[in-house]
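J.: Make one complex out of these two single chains by using the hints.
Top to bottom, those sequences are chains S and R.
Going left to right, the first sequence walks through residues 1 to 205 as the numbering used here numbers them.
Going left to right, the second sequence walks through residues 1 to 173 as the numbering used here numbers them.
Don't read these hints as lab results, they were simulated from the structure.
Backbone N, C-alpha and C define an ideal beta-carbon position, used for all residues, glycine too.
It is possible that some hints are incorrect.
Part of the chain S face toward chain R, derived, beta carbon under 7 Å [to be verified]: (1) Gly-10; (2) Met-192; (3) Tyr-196.
List time: in silico DSS-like cross-link candidates among lysine-lysine, alpha-carbon distance up to 27 Å [what the hints assert, rightly or not]: (4) Lys-27(S) - Lys-82(R); (5) Lys-82(R) - Lys-86(S); (6) Lys-65(R) - Lys-27(S).
Just the calculated beta-carbon pair ranges, DEER-fashion [said to hold, decoys possible]: (7) Lys-82(R) - Lys-86(S): 17 to 23 Å; (8) Lys-82(R) - Gln-15(S): 45 to 51 Å; (9) Thr-57(R) - Ile-130(S): 44 to 50 Å; (10) Ser-202(S) - Glu-16(R): 40 to 46 Å; (11) Ser-111(R) - Val-168(S): 51 to 57 Å; (12) Thr-66(S) - Glu-16(R): 47 to 53 Å; (13) Lys-63(S) - Pro-14(R): 47 to 53 Å; (14) Ala-75(S) - Ser-38(R): 39 to 45 Å; (15) Leu-87(S) - Ala-167(R): 41 to 47 Å; (16) Leu-92(S) - Asp-42(R): 25 to 31 Å; (17) Glu-16(R) - Asp-11(S): 38 to 44 Å; (18) Asn-152(R) - Arg-8(S): 21 to 27 Å; (19) Arg-122(R) - Glu-201(S): 34 to 40 Å; (20) Arg-171(R) - Ala-166(S): 52 to 58 Å.
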Amino acid sequence: MTDFDLDRLGDVWRQDPDPGETERLRKSAAAVARRARVTQVIDIAAAVGVAAIVILLVLSNPKTDTLLIGAGAIAVLLGSNIRLRKLRQVELRNLTGSTEDMLDQSIARIEATLRYRRFSIAAIGPAFLIGLLVASMSENRRLASIFPALENWPLLRFLWMGLGVAVVAVGTLFALRAMRRNRAELERLRAMREAYRHEGESSGA
Amino acid sequence: MTVALGAAPGATPPFESIVADYGPLISRIASSYEADPSLREDLTQQIFLAVWQALPTWRAESSLKTFIARVAQNRSISFVTKQVRQGPVAELPDRIEADAPNPEEQAMQMSEREALMEATRRLPLPQRQVIILVLEGFTYPEISEMLQIPPNALALRLSRAKAALKAMLERSE
Numbered sequence: 001m002t003d004f005d006l007d008r009l010g011d012v013w014r015q016d017p018d019p020g021e022t023e024r025l026r027k028s029a030a031a032v033a034r035r036a037r038v039t040q041v042i043d044i045a046a047a048v049g050v051a052a053i054v055i056l057l058v059l060s061n062p063k064t065d066t067l068l069i070g071a072g073a074i075a076v077l078l079g080s081n082i083r084l085r086k087l088r089q090v091e092l093r094n095l096t097g098s099t100e101d102m103l104d105q106s107i108a109r110i111e112a113t114l115r116y117r118r119f120s121i122a123a124i125g126p127a128f129l130i131g132l133l134v135a136s137m138s139e140n141r142r143l144a145s146i147f148p149a150l151e152n153w154p155l156l157r158f159l160w161m162g163l164g165v166a167v168v169a170v171g172t173l174f175a176l177r178a179m180r181r182n183r184a185e186l187e188r189l190r191a192m193r194e195a196y197r198h199e200g201e202s203s204g205a
Numbered sequence: 001m002t003v004a005l006g007a008a009p010g011a012t013p014p015f016e017s018i019v020a021d022y023g024p025l026i027s028r029i030a031s032s033y034e035a036d037p038s039l040r041e042d043l044t045q046q047i048f049l050a051v052w053q054a055l056p057t058w059r060a061e062s063s064l065k066t067f068i069a070r071v072a073q074n075r076s077i078s079f080v081t082k083q084v085r086q087g088p089v090a091e092l093p094d095r096i097e098a099d100a101p102n103p104e105e106q107a108m109q110m111s112e113r114e115a116l117m118e119a120t121r122r123l124p125l126p127q128r129q130v131i132i133l134v135l136e137g138f139t140y141p142e143i144s145e146m147l148q149i150p151p152n153a154l155a156l157r158l159s160r161a162k163a164a165l166k167a168m169l170e171r172s173e
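Bound-form chain R, shown alone (with noise of 0.2 Å):
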């Protein structure tokens, strides 16, 4: 995260500096919130847009980090409300790399990880809004910010949250 991170405090870093350091974050939100491979493409670029258009209204009183993050869990949100379809659909598993050193615990990472993906989106949405950030590596202060709850809301809402993932998980092993 050099390029964004490295702008003058204030200062909006250029689109295509966000997309190299927050593409993958804004990838892995739109994974959480739609199984649907097409659906999901379409989702990302909602956000990518969303991202574009709501630039110029970052004022650096929160990181651009998560300022990134809310706009994409409530384009996500918006997104989700207009599908016709409920629940998640069943989804492919993602591409695993053909030179990995060890594609056998690759594979297995990468199944840990779409069983998480999978138990992530099965969470009701004021939950699974909070295990995405926790995931996505946000402070509880961030969160708390981020989601305007006071902190032992928060912890409630957590603790719950990780109640019903562990639960899942546990199912999907």
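So here's chain S without its partners, still in its complex pose (with noise of 0.2 Å):
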């Protein structure tokens, strides 16, 4: 290695910052850990908080009822706390672990992605033609009575379900723009993957 000398290439590549990037990195990393020591109290804060206000609630009108709605919504709360710590585990493991473990995991997490996405633009017509269905089965009796301006004025009716139309449409459209980012995505994650597979295959490794 005479004529390339990776060693030298190596005293290149670490010649020390100059005492401006220096400051800068030093900034940068004091910020970041702050708002990350920040986020974690407020976590914390926010699931004690939201337990307290349920017990107290519960505690101040003890009845069957509000004990199950008390203890429903603290095992939502508890619940949703595992899964954040499960996902931040695998978070965790994938930055930790070797490369291709972490390709792999992500690919599988954005196949799962998307087939939820897939679900989700398939449902969601169905969904609003059954929600228009019950709306006008309930509409003379509850939602008249809720919003009596849309017995009233049938243009208002009109535009209200203009309104639902176009939060469907608008909510679809986001959907699919989230799917084609997605995709992208995995094209990448595989094409990378694949990199990895063939390196290793030649290096038999």
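T.: Structural data, given as structure tokens:
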């Protein structure tokens, strides 16, 4: 390696950054750590706060139904915290494990997200139609009593339905855009995984 | 690297001392994955956050430097996959110190460093990982352990990476 000295290139690569750059890195890292600590405190405080409110509400009105609702709320809170913790553990494993494992995990995650999005888009039309059906069945009895204007002004009812259609359309467009991004990411991940597989096969790893 | 290396065996050093010791390493790894300066800044911050989050899981089975390099590489790779655009973006040269003793020489060195950085960014991912770790001064057993590949496979990968890097550097001259 006389003409291509990796040791010399390593010295060039590891040149000391100028003091300005070092200071900028220090400030940037300090800000990141500060934000992370604040987020951690907020997470814990929010969980404790919500649990305390639910317990206080149950204690102030100790009946079977409030007890059940309170227990349900605590269970949901606990479940979401456990799920969040598991997701963080998976992320940590990905960060500290091998790159191939991380790519495999990421591919599996995006494939699951795409399946979920496909199902959501397929379900949104029927769900909207069912919603319209339920609304039309109940509008004389309940909806009109809640929003009397809807009964008196047909135009307002039309606008109300139009708003519903617009919300569904925008939601579908967002989901389609997210799917396009997911597909592009999946393509890049698969290409990277393939590069590792190819490298491994050709070097006998 | 006095503070972090001076910590008791197995004890996690404070984040601030890790940044002082390994900040430049993190910055170089971010630069070798992202050419766009604003995205690179974003990636550097994401690596700092990842290190901060992963630090409690470090068990001193590997050196702290190895641990940080692994976290930085994995975060960089996941960052790159999320970017919509493909391929590296032309990059502005880094600042040159105004009070440097020999600006011309330093500018040449910077230029060589930029060329090296740019060529590294063009390497296929598996080869790029190996070259970055070699340039960072990791030993072959450390790299082998970090990438979880046998030494002979590492030697082959490194040899291919060196050939590709050399060809790219020659083209850029």
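J.: Each of the hints needs a verdict: does it hold here or not?
T.: Checked hints:
no., hint, in the structure
1, Gly-10, "5 Å, holds"
2, Met-192, "5 Å, holds"
3, Tyr-196, "5 Å, holds"
4, Lys-27(S) - Lys-82(R), "26 Å, holds"
5, Lys-82(R) - Lys-86(S), "22 Å, holds"
6, Lys-65(R) - Lys-27(S), "21 Å, holds"
7, Lys-82(R) - Lys-86(S): 17 to 23 Å, "22 Å, holds"
8, Lys-82(R) - Gln-15(S): 45 to 51 Å, "30 Å, violated"
9, Thr-57(R) - Ile-130(S): 44 to 50 Å, "47 Å, holds"
10, Ser-202(S) - Glu-16(R): 40 to 46 Å, "43 Å, holds"
11, Ser-111(R) - Val-168(S): 51 to 57 Å, "56 Å, holds"
12, Thr-66(S) - Glu-16(R): 47 to 53 Å, "48 Å, holds"
13, Lys-63(S) - Pro-14(R): 47 to 53 Å, "51 Å, holds"
14, Ala-75(S) - Ser-38(R): 39 to 45 Å, "44 Å, holds"
15, Leu-87(S) - Ala-167(R): 41 to 47 Å, "42 Å, holds"
16, Leu-92(S) - Asp-42(R): 25 to 31 Å, "20 Å, violated"
17, Glu-16(R) - Asp-11(S): 38 to 44 Å, "27 Å, violated"
18, Asn-152(R) - Arg-8(S): 21 to 27 Å, "26 Å, holds"
19, Arg-122(R) - Glu-201(S): 34 to 40 Å, "22 Å, violated"
20, Arg-171(R) - Ala-166(S): 52 to 58 Å, "54 Å, holds"
Of the numbered hints stated above, those contradicted by the structure are hints 8, 16, 17, 19, listed in ascending order.
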